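A.B. asks: In order, the protein sequences belong to chains A and B.
The end of the first sequence is residue 1442 by the working numbering, with every number in the run present.
The end of the second sequence is residue 1442 by the working numbering, with every number in the run present.
No lab work stands behind these hints, which were simulated from the structure alone.
On a predicted model such as this, the values are computed, not experimentally measured, just so you know.
There's no promise every hint is true.
[To be verified] Output of the computed footprint for chain B on chain A, the stretches with three or more beta carbons under 8 Å from beta carbons of chain B: (1) 1337-1348; (2) 1355-1361; (3) 1391-1401; (4) 1413-1427.
For each residue, glycine too, the CB sits at the ideal point set by N, CA and C.
Protein chains: 2
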Amino acid sequence: MRKGEATRGAILDHASRLARRVGLEGLSIGRLAEDLSLSKSGLFAHFRSKEALQIQVLETTAAQFVEIVVKPALAEPRGEPRLRSLFRRWLEWARSQKTPGGCLFVAAAVELDDKPGPVRRKLVQTQRDFLKLMANVCESGIGVGHFRSDVDPEQFAHDLYAVMLGYHHASRLLKDPAAEARAYAGFEGLLAAARPSRERARRRGRQA
Amino acid sequence: MRKGEATRGAILDHASRLARRVGLEGLSIGRLAEDLSLSKSGLFAHFRSKEALQIQVLETTAAQFVEIVVKPALAEPRGEPRLRSLFRRWLEWARSQKTPGGCLFVAAAVELDDKPGPVRRKLVQTQRDFLKLMANVCESGIGVGHFRSDVDPEQFAHDLYAVMLGYHHASRLLKDPAAEARAYAGFEGLLAAARPSRERARRRGRQA
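Excised from the complex, chain A in its bound form:
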């Protein structure tokens, strides 16, 4: 049983990398079998269908994201420290997905936006979960007084996601050497707009 789990984990790890290279839609049990020199029937026993394989790849990648990005960030104090940690780790994650294809979620978002079905539903669910998490981090920042009480946490989460999509576009397509600096500047702009105005004025005075 334990050996079976380990094998399954190793296969899913490989499948995640393959999906980043060929797209989630390009990922099939046949292709994976060829890539791993395993029998197609053995892999079918593990995953049963292409869709089930794709869904488990999304789940595996989401679980890695939670371990690497989300959990350590949530261990930081509420408000700006937690938000900064989340953003920094998220950016590191995006940068580390250098294997051709980049971040699986960003690629899959464009690949699947017009393909209804269980894989798309799983993707949408992981994205909504993460947006909700970002909104919660913003909300707890309001709770400790780091952000204004009239900041809309869902808008904040949406804007933060947009900053990251801008980073992907600038770094991966345009190969803009300033991509990371631009992403941080966008992030700081969101933070500045969310701070209580007295705090904002004080910080500006300090910087000047």
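Once you've looked at the hints, dock chain B against the given chain A.
C.D. replies: Relative to chain A, chain B alone:
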């Protein structure tokens, strides 16, 4: 000759729609011939290669974008009116690309980010041209005093592009009914941060 041009235009129009449906990479002379019930050899005479076809599809779509979005916006007075017009028309364009696949440029950006070659180069060029245009619109807004002189026009263009990528993600993948309102809120946030601070304070006072 004129008839040839018209035919070519009609074929490229169809090819652009097909590309939005099957992706720029899925667009081939064979597929296009099948779709239009034309002979493959006739289309080869027009376009010579798959890559040349893909490049002309990008050029056609970029030219449509300039006509529909850029030119009318540049006819508006400098500063906020021009920028607002550009953003509003751009959002209308994004919304109008409802055919499966959505905006060709956004889809192609993810599709081609790891595929070096002339098609990718053409895509990068159109994206850089548009970012430059947005930076120019921002710069002329500084010139007329609508934006602070220390606003970085390239950062502003990058941030504006990120707002639009966030809109695509929210509207196409998440089917978020608030996608457009979120995009406008993001845009207003960028404008607010770019305004001279006295103007910013005055407007806030007015809103309160």
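A.B. asks: Against each hint, give a clear statement of whether it holds in the structure.
C.D. replies: Hints, one by one, checked against the model:
1. Figure legend: the region 1337-1348 of chain A, annotated as covered by chain B; annotation consistent (8 residues with Cβ-Cβ distances under 8 Å, at least 3 required).
2. Using a Cβ-Cβ cut-off of 8 Å, 3 residues of the region 1355-1361 of chain A lie near chain B, which meets the minimum of three, so the contact claim holds.
3. Note: the region 1391-1401 of chain A has 8 residues with beta-carbon separation from chain B under 8 Å; the three-residue rule is met and the coverage holds.
4. For the region 1413-1427 of chain A, the stated coverage by chain B holds: 7 residues have a C-beta nearer than 8 Å to a C-beta of that chain, and at least 3 were required.
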